[in-house]
Amino acid sequence: MIEYLTSRNFIILIIKIVVIFGGVMNVVGLLSWVERKMMARVQMRPGPTRVGPFGLLQPFADLLKFVFKEDVIPTNANTLLYIAAPIVSLVPAFLSFAVVPFGPELQVTDLSVGLLFIFAVTSLGVYGIALGGWASNSKYPLMGAMRSAAQMISYELSLTLSVVGVLMIANTLSLRELVISQQGTWLSVIPRWNIFLQPVAFVVYVISGTAETNRLPFDLAESEQELVAGWHTEYSSMKFLMFMMAEYANMIAVSSVATVLFLGGWNGPMFGPPLLQMILPTVWFVIKVGAFIFFYVLLRSTIPRFRYDQLMKFGWKVLLPLSLANIVVTSFIVAIS
Amino acid sequence: MIQLLFIFFAALAVGSAINVLIQKHVLYSALSLILMLTAMSVLFILLRADFLAVINVIVYAGAIMVLFTFVIMLLNLPADEDGADRLRWLKFIGIPLGLFLLFLIAVTLWNVEPLRTAQTPMVGSPQAIGKSLFNDYLLPFEATSLLILIALVGAVVFAKKDL
Chain A
0 MIEYLTSRNF IILIIKIVVI FGGVMNVVGL LSWVERKMMA RVQMRPGPTR VGPFGLLQPF
60 ADLLKFVFKE DVIPTNANTL LYIAAPIVSL VPAFLSFAVV PFGPELQVTD LSVGLLFIFA
120 VTSLGVYGIA LGGWASNSKY PLMGAMRSAA QMISYELSLT LSVVGVLMIA NTLSLRELVI
180 SQQGTWLSVI PRWNIFLQPV AFVVYVISGT AETNRLPFDL AESEQELVAG WHTEYSSMKF
240 LMFMMAEYAN MIAVSSVATV LFLGGWNGPM FGPPLLQMIL PTVWFVIKVG AFIFFYVLLR
300 STIPRFRYDQ LMKFGWKVLL PLSLANIVVT SFIVAIS
Chain B
0 MIQLLFIFFA ALAVGSAINV LIQKHVLYSA LSLILMLTAM SVLFILLRAD FLAVINVIVY
60 AGAIMVLFTF VIMLLNLPAD EDGADRLRWL KFIGIPLGLF LLFLIAVTLW NVEPLRTAQT
120 PMVGSPQAIG KSLFNDYLLP FEATSLLILI ALVGAVVFAK KDL
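From first to last, the protein sequence lines are chains A and B. Quick note on numbering: numbering that gives the first Met the number 0 labels position 146 of the first sequence as 145, and the sequence is numbered without any gaps. Quick note on numbering: numbering that gives the first Met the number 0 labels position 132 of the second sequence as 131, and the sequence is numbered without any gaps.
Just so you know, not all the hints are guaranteed correct.
Stated by the list, open to error - Residues on chain B that point at chain A, a partial pick, calculated with CB under 8 angstroms: (1) 5; (2) 57; (3) 60; (4) 134.
In short, the hints are calculated from the structure, not lab data. In this text the structure is predicted, and so the values were computed from the model without any measurement. In this text, a Cβ means the ideal position worked out from N, Cα and C, and glycines have one as well.
Put together the whole structure using the sequences plus the hints.
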């Protein structure tokens with residue numbers, strides 16, 4: 000890792016960071032529009048239409064509203080942790096993009112342990128939710144935080160174990176090499192993506208990823224009907240905005256990792272002039288990530304929430320044995336061939 | 000640059016480690032411990048042990064400490080005001096034990112060969128660690144996993160007295 004700090008290509012690195020960070024920041028804003036619009040369409044409502052064409056400027060209006068709102072800190076809250084919690088949840092969410100390969104050249108660093116880095120960083124994100132709920136010093140946030148902490152520990156296990164099969168096939172932890180290992184096709188029709196080799200792992204990963212990002216079938220931490228708004232009930236203004244941004248950034252991060260691991264990353268058909276060929280990999284990557292995000296939004300607008308005991312049983316008694324069995328079977332096959 | 004990073008994160012690790020001890024509130028102690036573990040991970044990275052650094056964060060900061068904070072929040076303990084009284088006699092054992100630890104650290108530092116890590120950059124890679132775990136240290140590795148299994152079974156027995 001330290002080679003990057005002393006390299007001569009420091010300026011290129013800075014440009015890459017600015018491009019990726021700025022891109023993700025803007026997509027996070029756009030996502031809030033996509034989610035509202037899509038959910039509205041599923042439920043036969045028009046969704047945001049007033050601000051700009053198709054309501055596209057709605058995120059800017061929301062941003063202005065968040066910035067100019069009064070920032071309330073509850074009297075009995077633990078001020079230090081109350082302020083720190085949104086930062087603690089936002090920073091890890093954006094850190095994981097440091098290793099995501101958006102294209103052959105568009106990657107900040109390619110760590111030899113890139114995938115583990117993402118898991119390490121996202122595992123720290125739970126502190127933002129837990130501290131936010133606890134520091135608010137109020138019963139609904141505390142209950143939301145408790146649920147979230149237990150849920151994230153349970154599902155992180157199956158999330159991490161589900162990718163082991165892929166790692167055994169690709170024999171690397173670097174995200175870039177994982178993408179390169181999926182180049183080419185079988186019988187010149189089917190792309191060599193890991194989803195065809197590891198379908199069980201893919202399903203387990205997508206379900207656990209939904210739970211890790213606290214998205215709807217698993218959003219027990221937030222569950223509006225019982226807990227008002229869960230762990231961010233007391234938050235307002237910019238701090239609330241930071242929590243929302245962290246959620247969307249986590250969603251993009253989980254989708255990106257799924258794309259890299261199972262859908263061949265930036266791989267796709269290459270054609271056209273050299274300039275187009277430079278952009279195409281990133282376009283494929285964005286399309287694949289977008290498909291995941293569409294899936295998440297559709298999931299949110301169609302499936303009701305789990306009960307808490309169902310959630311725990313499902314995580315420990317279905318997903319975890321499934322991912323363990325997947326590891327055993329895959330290691331047998333890898334050892335034989 | 001690397002030395003500056005080392006000094007900063009070493010100071011952060013030591014400072015937060017001290018903070019773990021002097022904080023009255025349990026949750027602040029736990030959070031300082033998390034800060035210490037992440038700072039230690041950066042030190043691992045500076046020693047080119049990337050894998051260890053990341054695993055350190057995943058296992059300790061990301062899993063074990065989440066459970067710690069979870070329990071602390073669930074019990075919602077008040078700040079510990081008179082806890083020092085119960086441990087008064089420990090001071091007399093603490094001083095000689097601390098001196099002994101300092102002595103051990105001094106002996107270890109005296110015997111370390113300088114710049115050994117910089118010459119072998121691949122020592123911290125997942126492959127190297129995996130090979131040494133399953134070849135040179137197979138018995139300790141398996142014994143440790145057995146120990147963890149025993150602890151797991153023990154925890155289940157404690158939790159469910161009538162199985």
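Going through the hints against the structure:
Interface restraint check for residue 5/B: the shortest CB-CB distance to chain A comes to about 10 angstroms, outside 8 angstroms, so the restraint is violated. Evaluation of the residue 57/B hint against chain A yields a held restraint, the C-beta minimum of about 5 angstroms falling below 8 angstroms. The closest approach between the C-beta of residue 60/B and any C-beta of chain A is roughly 6 angstroms, which is under the 8 angstroms cut-off, so the hint is satisfied. Given hint, residue 134/B at the interface with chain A, is violated; its Cβ is 17 angstroms from that chain's nearest Cβ, farther than 8 angstroms.
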